[in-house]
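Note that the protein sequences, when read in sequence, are chains A and B.
Sequential numbering from 1 applies to the first sequence in the working numbering.
Sequential numbering from 346 applies to the second sequence in the working numbering.
If you are wondering where the hints come from, they were derived from the structure by calculation, not from laboratory data.
Even for Gly, the Cβ is constructed at its ideal location relative to N, Cα and C.
Any given hint might turn out to be false.
What the simulated footprint calls covered on chain B by chain A, stretch by stretch (three residues with Cβ under 8 Å from a Cβ of chain A suffice, anywhere in the stretch; the number is not a length) [claimed, not checked]:
{"#": "1", "segment": "346-359"}
{"#": "2", "segment": "412-423"}
{"#": "3", "segment": "437-446"}
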Amino acid sequence: MHLRCTDVQFAFDLVMPGSYIGVMPRRDPVNDPLSSLRSMLEIRRFEEAVEELFSRGLLHGTMHLSIGQEAVAEGVCATLQTGDFITSTHRGHGHTLAHGADPTTMMAELLQKNTGYCRGRGGSMHIADVKNGNLGANGIVAGSMTIAVGAALSQQMIGTDKVVVCFFGDGAANEGAFHESLNLAKVWDLPVVYVCENNQYGMSMSQDRSTAGGSVAARAAAYGMPGETVDGNDVEAVCLASLEAVERARSGGGPTLLECITYRYRGHSKSDRNLYRTQEEIEDWRDNRDPIQRFIGKCVEDGRLSNEQVTAAESAARESLRRAVSEAFAAPDADPADLEGAAYA
Amino acid sequence: MAELSYRDAVAHGIAQEMRRDPQLVMLGEDIAGAGGVFKTTVGLLDQFGPDRVRDTPISEQAILGAAMGAAMTGVPVIAEIMFSDFLAVCFDIVANEMAKSRYMTGGQMSVPVVVRTANGGGSRFGAQHSQSVENWCMMIPGLKVVAPSTPSDVVGLLAASIRDPDPVVFFEHKSLMASKGEVPDGEVIDELGKAKIVREGSDATIVALAYMVPRALEAADRLAEDGIDAEVIDLRTLVPLDTNAILTSVTKTSRAFTVEENPRLCGWGAEIASIVAHEAFWDLDGPVVRITTPHIPLPAAEALEDMAIPSVDRIVTTVKENLD
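Given the sequences, and given the hints that come with them, work out the whole structure.
Right, dumping it as structure tokens:
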């Protein structure tokens with residue numbers, strides 16, 4: 001898709017003519033590609049830093065990296081406002097950063113510091129940034145899907161125009177909570193945008209072996225809501241699909257299901273040796289379909305970005321992550337003296 | 346002061362709180378037009394309308410997930426799970442989500458949800474509609490656990506649960522629904538974590554909960570005929586647990602008995618026994634004795650269910666044998 005639009009409203013009119021109600025997205029990969037490039041680079045560098053710290057024995061526990069999937073987090077979160085809600089997954093670093101989290105505070109959480117988002121009680125799988133509307137990553141597959149329904153119910157009842165984006169993976173689409181969540185959201189026409197990040201494997205189980213009917217998006221029809229399959233490695237395509245879905249939710253049109261096809265380059269978690277897929281498959285996605293390289297290539301080719309801008313964005317992302325890591329390392333460790341502190345109000 | 350049934354006290358207590366807090370919402374199966382399968386929500390739809398008293402599909406995970414998500418974002422919720430057995434269907438939300446979110450996020454959020462659910466045996470419903478599962482919830486950090494035995498406690502503890510910022514699982518006992526009691530006029534608010542001495546005595550402490558409270562009281566009357574003066578404690582809440590009330594009583598009587606509907610293994614009485622053994626060991630004149638349901642799924646047939654659940658006879662016999 002090649003867009004020659006001059007502003008977000010025009011971009012929006014392409015997909016849903018005449019119904020734009022005026023809540024501007026926070027970033028615009030079509031007309032301001034630099035901001036979305038920076039966001040995706042920040043996610044990539046953050047996760048590469050996490051991976052390196054882990055391999056050097058400086059970071060412990062587990063982690064689930066979304067390297068290769070950045071266009072989904074950015075394409076969707078670009079269309080939101082601070083204060084819109086997201087619910088995330090075990091693979092949530094990208095969503096969290098794209099929705100406005102501070103990388104230093106996130107890194108501090110991963111490094112078990114008292115200054116982390118959860119003061120060391122959460123770790124990688126439970127980062128929440130409630131102030132910005134991020135209701136939390138979740139260690140249970142599909143665990144946040146019904147919670148998203150409730151966040152949307154409260155917004156509908158209070159009468160705000162906030163929307164809730166519910167991120168989940170292809171694996172979660174086969175959990176019972178997926179069905180209960182989509183059904184109830186449509187029964188009550190709640191402002192939820194369901195974003196399936198289909199990275200094609202639930203741990204080792206490929207989607208074609210796990211998913212009857214073959215398509216998650218097609219399941220939307222069963223709930224009477226719009227469903228769309230999107231190239232999840234094309235940040236502009238994700239953004240446009242999300243704009244339409246967010247706008248529908250904001251204006252009282254109810255939920256939408258987006259299935260963004262993408263690919264994770266790393267294993268499911270640190271213990272995964274990728275025995276269920278070929279190195280050729282991983283390299284094909286990494287070398288030929290990488291969402292960041294594709295976006296850079298396209299923007300440089302059509303003149304929206306210069307090589308100098310790209311180089312500057314890359315070094316800025318590296319520098320900002322270096323600073324985040326060193327600031328996080330310098331922070332005080334999580335404090336055992338307050339072990340029981342947050343269990344009850 | 347008005348006499349209310351236990352089931353009417355539920356609707357009475359909910360109405361009190363829904364009038365106070367115009368944001369408060371109810372979610373559950375068959376709670377609106379039908380008034381609840383145990384008729385505990387009769388009249389609420391008429392008073393508060395279908396937006397605030399919401400029938401849901403038969404989707405227990407969605408009920409509790411929606412309750413939690415709404416509560417985290419500004420709308421406190423009373424959610425009903427029709428039978429407590431069905432908590433197993435949505436236990437991810439109970440055990441992994443609402444109980445842990447506050448802690449896992451370093452206190453960034455509160456989850457002011459009350460999960461009301463019909464608990465306990467005696468109705469001949471069989472093993473999937475009769476369990477007492479308050480111990481399932483007691484063992485999960487982050488939850489509070491309440492199980493009232495009288496109409497006035499229903500109203501007051503419901504108010505305390507709703508006003509509590511933490512998730513509370515509120516067990517209403519099926520076999521107490523028709524029982525009656527006085528409820529004070531005006532706003533009734535109680536406190537979580539306070540047990541009640543419902544009968545004073547000096548020879549033995551009997552610790553009971555919910556439907557086992559009236560049985561323990563009847564047993565105490567029978568024991569008195571034999572010259573045994575039993576003190577009966579209604580725990581009312583398991584979390585927070587009023588250990589002080591238990592230990593003070595045991596220090597006085599020197600003997601402790603628990604009466605539980607939970608199956609034997611890991612019923613709440615085991616925790617009480619452990620606390621008493623640890624904290625009041627030198628005050629005891631004999632072992633702590635648990636009177637429980639055997640470790641079986643509950644049967645439907647009257648003769649079998651009556652044998653399984655602690656009866657007045659079993660309480661009397663057990664206390665007498667152990668005091669001899």
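To see whether the hints hold, each was checked on the structure:
no. : hint    : verdict
1   : 346-359 : violated (count 0)
2   : 412-423 : holds (count 10)
3   : 437-446 : holds (count 5)
Of the hints listed earlier, the one the structure fails to meet is number 1.
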